[in-house]
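Respectively, the protein sequence lines represent chains Z and G.
Taken in order, the first sequence gives residues 11 to 291; the numbers are from the working numbering.
Taken in order, the second sequence gives residues 1056 to 1423; the numbers are from the working numbering.
Please keep in mind that the hints were generated in silico from the structure rather than gathered at the bench.
Among the clues, some could well be false.
[Said to hold, decoys possible] Pairwise CB distance ranges (calculated): (1) G:T1328 - Z:T152: 24 to 30 Å; (2) Z:T152 - G:F1401: 31 to 37 Å; (3) G:E1404 - Z:A157: 27 to 33 Å; (4) Z:G47 - G:G1062: 34 to 40 Å; (5) G:F1285 - Z:A38: 49 to 55 Å; (6) G:T1328 - Z:F241: 51 to 57 Å; (7) G:Q1077 - Z:H239: 49 to 55 Å; (8) G:R1248 - Z:A38: 33 to 39 Å; (9) G:P1300 - Z:R106: 51 to 57 Å; (10) Z:E15 - G:Q1095: 29 to 35 Å.
[To be verified] Chain G stretches covered by chain Z per the calculated footprint, using a threshold of three residues with CB under 8 Å from any CB of chain Z: (11) 1127-1139; (12) 1244-1253; (13) 1382-1390; (14) 1398-1409.
All C-beta atoms, glycine included, are put in the ideal place defined by N, C-alpha and C.
Residues per chain, in single letters:
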Amino acid sequence: MNAPEVNFAYLDERTKRMIRRAILKAVAIPGYQVPFGSREMPLPYGWGTGGIQVTASVIGPHDTLKVIDQGSDDTVNAVNIRRFFERTAGVNTTTRTHEASLIQTRHRIPEMPLVEGQIIVYQVPVPEPMQRLEPRETETRTLHGLAEYGLMHVKLYEDIARYGHIATTYDYPVLVNHRYIMSPSPIPKFDNPKMHMNPALQLFGAGREKRIYAVPPYTPVESLAFEDHPFEIQQWQAACAQCGATDSFLDEVIIDDAGARMHVCSDSDYCQTRQDAKALA
Amino acid sequence: MYVAVKGGETAILNSYKLLAEQRRGDTAHAELTIDQIRQQLKLSVDRVMTEGSVYDPELAALAIKQASGDLVEAIFLLRAYRATLPRLGNTCALDTSRMQLDRRISATFKDLPGGQVLGPTYDYTQRLLDFSLLANAQEGLQQAAAPAAILPLASLPSVPRVVDLLNQEGLIERTERSDHDPAPRDLTREPLRFPADRATRLQNIARGDEGFLLAMAYSTQRGYSHSHPFVGEVRLGQVAVEIEPEELGFAISLGEIEITECEMVNQFAGSKTEPPQFTRGYGLAFGQSERKAMAMSLVDRALRAEELGEPIESPAQMQEFVLSHSDSLEASGFVQHLKLPHYVDFQSELELVRKMRARLSNPDETPV
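Excised from the complex, chain Z in its bound form (with noise of 0.2 Å):
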């Protein structure tokens, strides 16, 4: 499976050391999206691609690799992407979240907590998350220059106006070290909490949007709200069909022609880790 004509983690070297800058200038600033140029990977855009040259710049031969999707190491796009770097670096790779040193993901935190040492790399489609609201990235820019997040306040407290909750169940925005608002990647809001004082070292890569941004390790992450409004995560009446979790964010699945559904855990590592747990039990 190696492809010795390529570089190390496909990109070269001086690519890397572009991205290793970019990344340390945002470890830097927490929350600041820093531009990077961004290269065209053999990938699509809006695949992956940013966290992918995070990945390639940050990985080394002795790191273990855990890719997922959705919360799931066997989707096909996780697949893919870990073809990818066992292909171009060789290196490890598991589904274990407790054995993996670097875990790139799309749109779940792992339900195992995450330890010093480790990164988590997340796939960003939209880096700014006032873009839906202003799609102008030279106005945008000087709002977060200002910190003047008014426009992110008055849509949340339109929701609260209109619907009684605010309406914003993924990618929900977070205040990063009392300073950035920040997109922390399609996530669902279930997920934002992790992200509060976490140990390990958090990395944003939008390949699109070229632009890369941090979380460092034990950096204040808020999750944006009102003192009469607290910011609230799902819940489900329901546990996981397959494990019994009551903790873990499930997924719906439809079983029958009739729409009957159950609930499974959307971390696939999370959930067979206790199947086997209960199995040895």
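Following the hints, position chain G against chain Z.
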């Protein structure tokens, strides 16, 4: 009982195999060669080179073959290939007044030094399906075989550009390059930042999707930022690519490339500092890509609104709108990423919609 979705890797490997079979088609027919594509699908090759930003007809043809003729996919393949190529140096600016012309059209002057040269073009073909081509023979050539005296192309002298003729009267804006003209930003190495200068904008739209630019250009003709365009000149031909190594101190030729260049001439009412004059929009593409070069020149002119003090009212004049959406790789990738699983986001939305519906059916619980 539900079984967790596994087997993604097998599915991917199987899809490679199915794709290879689909690409090859019925093996009773001869396989397409790269030379056939280069020779007989030249305009596809030209578009892929232009938007793929690599002048290499052989690799462009390979990309077209590999992509089963999907040009946007072929452009993607070529771009991904070029992304890791080393940069060896910069060429000198092309001198298109020294082009060896195969075609040269001006809509502004009936005749002009160097003359009008129709050259190879679909412009005046009558678009009737030529069923003789179905017969797989040489019939198509027969009609063209005995034209009334084709001018030997090589004998066309180098001809000055039309806009340079207008320059002598001072009727058209001058864009002279100063000695301090900085090297243009390389968009393949640095991210696009706004506001972008003209060199950066031109670089972006040179790589931009032909269909997108065509629609943007068309919108300027339908009242969304009208600028009274005239084709000053469209020229197609070979131009020398030169490089000036520092240790030599003079330019040496690396060879020739075929390009299409378009200079659009647009009315300009003048401003406080400038008298009324014509302004310019510029388009350049590899190979024969006239639709692209013309659309590019209209969009270039529209994007100069701010610099010329015109009100910015239409999408084609808005840098962030045009430049952020022109790239087919970015657009195609992001539109098609919707095929990726979104179970988690959708699950979150399901919960939300149920919550909102529950509130509607239970009106006692009114919003705060």
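Here is what the structure says about each hint:
Checked against the hint of 24 to 30 Å, the pair G:T1328 and Z:T152 passes, with Cβ atoms roughly 28 Å apart. Restraint check, Z:T152 to G:F1401: a C-beta distance of roughly 34 Å satisfies the suggested window 31 to 37 Å. Checked against the hint of 27 to 33 Å, the pair G:E1404 and Z:A157 passes, with Cβ atoms roughly 30 Å apart. The supplied range of 34 to 40 Å is met by Z:G47 and G:G1062, whose beta-carbon atoms lie about 37 Å from each other.
Range check, G:F1285 to Z:A38: Cβ separation about 53 Å, and the 49 to 55 Å hint holds. Taken as a hint, the range 51 to 57 Å holds for the pair G:T1328 and Z:F241, whose Cβ atoms sit roughly 55 Å apart. For the pair G:Q1077 and Z:H239, the beta carbons lie near 53 Å from each other, so the given range of 49 to 55 Å is met. At roughly 20 Å, the beta carbons of G:R1248 and Z:A38 sit outside the given window of 33 to 39 Å.
Checking the proposed 51 to 57 Å range against G:P1300 and Z:R106 shows it holds: the Cβ atoms sit about 55 Å from each other. Checked against the given bound of 29 to 35 Å, the beta carbons of Z:E15 and G:Q1095, roughly 31 Å apart, stay inside it. A stretch counts as covered by a chain when three or more of its residues have a beta carbon under 8 Å from one of that chain; for the segment 1127-1139 of chain G and chain Z the count is 6, and the coverage holds. For the segment 1244-1253 of chain G, the stated coverage by chain Z holds: 7 residues have a C-beta nearer than 8 Å to a C-beta of that chain, and at least 3 were required.
With a cut-off of 8 Å between beta carbons, the segment 1382-1390 of chain G has 6 residues touching chain Z; three or more are needed, and the interface restraint holds. Figure legend: the segment 1398-1409 of chain G, annotated as covered by chain Z; annotation consistent (9 residues with Cβ-Cβ distances under 8 Å, at least 3 required).
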